[in-house]
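Since the structure of chain P is already known, use the hints to place chain R on it.
The primary structure of each chain is shown beneath.
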Amino acid sequence: MPKATDGYNGVWTLSEKREGVLNPVSFELISWGEVLAKKKGVPLSTVLIGKNLAEDAKELIQRGVDTVYVIDNERLSYFNPDIYLKILSSLIEEEKPEIFIASATTMGRTIMPLLASKIETGLTADCTGLDIEKESGLLLQTRPAIGGNVMATIKTPNHRPQMATVRPKSKKIPKPDRGRKGEIIEKKYPEELFTSRIKRINFEKDETGEVPIQEADIVISGGKGLKDGKNFDMLYHLAKLLNGAVGASRAAVDMGWIPYAHQVGLSGKTVSPRLYVAVGISGAIQHIAGMSSSEVVVSINKDPDANIFQVSDFGIVGDLFEVVPIMIKKIEKEVKR
Amino acid sequence: MKIAVLVKQVPATDKVKINKETGTMIRENLESELNPLDMYAVEEAVRLKEKYENIETVAISMGPPFAKDVIKDAISMGIDKGYLLSDRKFGGADTWATAYTLSKAIKKLGNFDIIFTGERATDGETGQVGPSLAAQLNLPIITYVSKLLEVKERSIIAERLIEGGKELVEVQLPTVISVVKEINEPRIPNFAGKMRAKKAEIPILTGNDIDVDPSKIGLLGSPTRVVNVYYPKMTRKGKIIKPKDIEKGVDELIQFLKEKNII
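Line by line, the protein sequences are chains P and R. Under our numbering, the letters of the first sequence match residues 1 to 337, in that order. Under our numbering, the letters of the second sequence match residues 1 to 263, in that order.
The shape of chain P in the complex, shown without the other chains (with noise of 0.2 angstroms):
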């Protein structure tokens, strides 16, 4: 008797075009599938859905791609989910891929748990780690959960795709081959495809400017030691001169210093940057969850025994209002040389 196992074969990986550019977390995708697509020794494919996508798929193949599915449509101007889900379910059931990854975005977050539930597979959410085990070949999804207080270890054996979301800016991004050669296939679905129940009527571009603090390289958090909301001025200083953006605890959310989309924490953000700077923040256990991923953890604080300080790699026990300052002066001078 067929397994439903059965036919199912290569890696794929989900692009994501937000806002008419190709985000950069569609190639931090390939540098998971990349592995995974080695350890079985099959093709690692991306899907690709959007509006003028000839540059952007070509792009892909040069990031490490070896076949890039294209759905260009008008109407895909931005991310419909009842649209995507009809695009994603079938193509899934025309290609049978046997691991589809997409990145733990707003967008990611939303098309994939859809997408695993009308396709009946299973989805494994934020995953830090995958892997291939070698005996089974099977996907092994690797997940912190109640604020990282727990890593889990998942795998779906019975049931294909098996599919993950991955926490953003947990890898680094391939370099581009520009003599790279790879297979794009354009993929036509019939019109009433694209009809949806759900209409965009603007969108409302952040005027700031700023990366998201899950996609950003650099994070600069400040919390209730700042005293005042103005005090933020610093840290957007600082997190310029990094090329970062900035972060905050519940408590300086809370208290109107600064707008949600900036908390970090566990009814915030979770971050995973390469250098988290904690400013005046204690580190209660729910804003650790938010960012003990970080690679590199740096806390200033005039209570040495904060919290904070626990789960850094640097701390500097002092007044905020003296360090900061001499920080950007100093920083200053590193980035202008």
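Simulated from the structure, these hints should not be mistaken for laboratory data. Among the hints, a few may not be true.
[Said to hold, decoys possible] Partial list, derived from the structure: chain R residues whose beta carbon lies under 7 angstroms from chain P:
(1) Val171
(2) Asn228
(3) Ile241
(4) Gly249
[Said to hold, decoys possible] Capping the alpha-carbon separation at 16 angstroms, the derived lysine to aspartate or glutamate pairs in EDC-like fashion look like this:
(5) P/Lys199 - R/Glu150
(6) P/Lys330 - R/Asp245
(7) R/Lys51 - R/Asp80
(8) R/Lys233 - P/Glu295
Where is the CB? At the ideal position from N, CA and C, for every residue including glycine.
Just chain R now, kept in the frame of chain P:
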């Protein structure tokens, strides 16, 4: 109009244990609470009820019998009534099987126009049940909603908080809506609300009551399997300095950042 709010009981964030056999969390004998991110969904439903006429609000949860408490919490905030899906056979469900079970209950309880959920639960932190449920019910979903601008007879206009900005969308009813913290400030239940919650009867629905397919519920119906669980060390052996001369302290920090190739 009928509104459902899905709520979950979660362990109070700092004390958590895992069942080594199933790899799922042990929810018994743990201090627990209403998932903090569900409070925003509850509040939004109550606000709609206060703003418009003829709205019925129903809280639905799935969990062990004592998860009734979180439905009572929702009622104390102003939700009309609630149901608890509780059955030993639901145990060990992953997000797929949970969404399937919830979808069967929602079909049974009938004709909801809006189904609110929180962005995610603070224990599993997947945020998958809302979208998964929408797919099971073949309903649209609007995720990361930070504001409801208009509720019309047949549609809703909502603002979504996504990377790089705010998106305004219109969605046809019925729909699933998952909300983020920015949407409102949940109320603290008043005395009357608490009394109402205390008196409220919370019916328990089992698998038989909601006509589930036994092969699609609980651990058996879950496509994913937890194969290993471990507790990572969260602490780092960092260098903590208490400089007398701040200038020198910052120099040391900059040296450290250079060693790490950050600047």
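With the threshold set at 16 angstroms, check whether the alpha-carbon distance from P/Lys330 to R/Asp245 stays at or below it. 14 angstroms, holds
For the hint on R/Gly249, just tell me whether its beta-carbon gets within less than 7 angstroms of chain P. With Cβ-Cβ at 5 angstroms, under 7 angstroms, it holds.
Is the straight-line distance between the alpha-carbon of R/Lys51 and that of R/Asp80 16 angstroms or less? Within the cut-off at roughly 15 angstroms; holds.
16 angstroms limit on alpha-carbon distance, applied to hinted pair R/Lys233 and P/Glu295: Holds, at about 14 angstroms.
Should the interface hint for R/Asn228 be scored as holding, given a Cβ-Cβ cut-off of 7 angstroms against chain P? 4 angstroms, holds
Given pair status - R/Glu150, P/Lys199, alpha carbons within 16 angstroms: Distance ~14 angstroms between P/Lys199 and R/Glu150 Cα, so the pair holds.
Hold the hint about R/Ile241 up to the distance rule: shortest CB distance to chain P must be less than 7 angstroms. Given a least distance of 6 angstroms, the restraint on R/Ile241 holds.
Any CB of chain P closer than 7 angstroms to the CB of R/Val171? 5 angstroms, holds
The earlier numbered hints are all upheld by this structure, with none contradicted.
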